[in-house]
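Visitor: Work out the full structure: start from the sequences and follow the hints.
Number of protein chains: 2
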Amino acid sequence: MATLDVPASHRDLLDADTAVLATVGPDGRPQLSAVWFLTEDGVIRISLNTSRQKVKNLRANPAVGFFVHDPEAPTRYLEVRGDAAIDDDPDYAFADKLGQKYSADLRSYDGDHQHRVVVTIEPVRVNAIDMLAG
Amino acid sequence: MATLDVPASHRDLLDADTAVLATVGPDGRPQLSAVWFLTEDGVIRISLNTSRQKVKNLRANPAVGFFVHDPEAPTRYLEVRGDAAIDDDPDYAFADKLGQKYSADLRSYDGDHQHRVVVTIEPVRVNAIDMLAG
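Which chain is which? The protein sequence lines are A and B, in order. With this note's numbering, the residue at position 103 of the first sequence is 103, and numbering never jumps. For this note's numbering, add 134 to where a residue sits in the second sequence, where the first one is 1.
None of these hints come from the bench; they were simulated from the model. The beta carbon of each residue, even a glycine, is placed where N, CA and C say it ideally should be. It cannot be assumed that every hint is accurate.
As the list claims (entries may be wrong) - Rough simulated footprint, nothing fancy, chain B against chain A, three-plus residues with beta-carbon under 8 angstroms:
{"id": "1", "stretch": "19-32"}
{"id": "2", "stretch": "58-68"}
Stated by the list, open to error - Pairs of lysine to any residue, SDA-like flavour, derived with a Cα cap of 20 angstroms:
{"id": "3", "chain 1": "B", "residue 1": "Lys235", "chain 2": "A", "residue 2": "Pro74"}
{"id": "4", "chain 1": "B", "residue 1": "Lys235", "chain 2": "B", "residue 2": "Arg259"}
{"id": "5", "chain 1": "A", "residue 1": "Lys97", "chain 2": "A", "residue 2": "Leu13"}
{"id": "6", "chain 1": "A", "residue 1": "Lys101", "chain 2": "B", "residue 2": "Asn261"}
{"id": "7", "chain 1": "B", "residue 1": "Lys190", "chain 2": "A", "residue 2": "Arg125"}
{"id": "8", "chain 1": "A", "residue 1": "Lys56", "chain 2": "B", "residue 2": "Asn261"}
{"id": "9", "chain 1": "B", "residue 1": "Lys190", "chain 2": "B", "residue 2": "Thr254"}
{"id": "10", "chain 1": "B", "residue 1": "Lys235", "chain 2": "A", "residue 2": "Leu13"}
{"id": "11", "chain 1": "A", "residue 1": "Lys56", "chain 2": "A", "residue 2": "Asp88"}
{"id": "12", "chain 1": "B", "residue 1": "Lys190", "chain 2": "B", "residue 2": "Asp161"}
{"id": "13", "chain 1": "B", "residue 1": "Lys231", "chain 2": "B", "residue 2": "Asp175"}
{"id": "14", "chain 1": "B", "residue 1": "Lys231", "chain 2": "B", "residue 2": "Leu172"}
{"id": "15", "chain 1": "A", "residue 1": "Lys56", "chain 2": "B", "residue 2": "Gly162"}
{"id": "16", "chain 1": "B", "residue 1": "Lys235", "chain 2": "A", "residue 2": "Met131"}
{"id": "17", "chain 1": "A", "residue 1": "Lys101", "chain 2": "B", "residue 2": "Asp244"}
{"id": "18", "chain 1": "A", "residue 1": "Lys101", "chain 2": "B", "residue 2": "Thr209"}
{"id": "19", "chain 1": "A", "residue 1": "Lys101", "chain 2": "B", "residue 2": "Ala207"}
{"id": "20", "chain 1": "B", "residue 1": "Lys190", "chain 2": "A", "residue 2": "Gly28"}
{"id": "21", "chain 1": "A", "residue 1": "Lys101", "chain 2": "A", "residue 2": "Gly28"}
{"id": "22", "chain 1": "B", "residue 1": "Lys190", "chain 2": "A", "residue 2": "Asn127"}
{"id": "23", "chain 1": "B", "residue 1": "Lys231", "chain 2": "B", "residue 2": "Val252"}
{"id": "24", "chain 1": "A", "residue 1": "Lys101", "chain 2": "B", "residue 2": "Pro208"}
{"id": "25", "chain 1": "A", "residue 1": "Lys56", "chain 2": "B", "residue 2": "Arg259"}
{"id": "26", "chain 1": "B", "residue 1": "Lys235", "chain 2": "A", "residue 2": "Thr75"}
{"id": "27", "chain 1": "B", "residue 1": "Lys235", "chain 2": "A", "residue 2": "Ala73"}
Guide: Dropping the structure here:
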């Protein structure tokens with residue numbers, strides 16, 4: 001697994017709170033949502049309930065975008081483009097680890113007979129931005 | 135132009151500061167960046183320098199995603215999926231209006247002989263979220 005090549009100026013954002021995940025929907029349009037995430041050894045991972053449309057999108061098309069910004073300075077941000085690798089998380093091993101970051105139990109978000117996967121972002125490109133790129 | 139159907143609970147986010155814009159790149163992957171935006175009469179518009187990759191992406195594929203969240207409660211957010219309509223802004227008429235929101239002169243961000251367009255988001259779907267959708 002390639003780790004993220006993030007410049008020191010933006011490395012703190014790998015420990016930020018909420019990120020934005022982009023997938024490509026069946027109609028070809030980007031779909032965006034707020035997600036919790038955990039960076040381990042330079043690899044970004046997300047826990048998703050398999051009932052979510054974004055999991056269906058990623059199974060059909062692994063193209064993924066990830067965005068996290070500095071809440072104090074929203075034009076300082078990290079963008080990662082890549083492909084999603086999806087692994088089952090039947091025992092909530094990763095979900096529990098992620099929950100520790102947020103002091104939350106991810107089981108409480110899930111209905112009966114629901115399942116979780118770990119989405120690992122395999123980076124293709126990383127952009128560390130510190131300006132309004134308009 | 136269809137205006138956005140945004141529930142009252144999330145309408146304040148239409149006046150928020152920075153948003154995230156998603157386009158689809160030549161490789162089919164989502165590309166995300168922080169953008170300034172202005173909501174006028176329920177329509178979201180963005181000013182972009184035509185030298186930016188995201189303008190090239192939108193000219194090739196109008197599929198667009200827009201995301202804006204509450205900085206105080208990042209899981210309260212508005213997501214808009216739609217198509218981008220692109221119009222020239224040769225006299226900075228829109229860019230100047232947008233600049234007023236941010237007390238900024240967008241000309242100062244542009245090089246000589248650069249041009250701006252107005253990107254108008256024609257909404258196909260609006261999601262007003264108030265939870266972690268993981």
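Visitor: Which of the numbered hints are not met once you compare them with the structure shown?
Guide: 4, 6, 10, 17, 21
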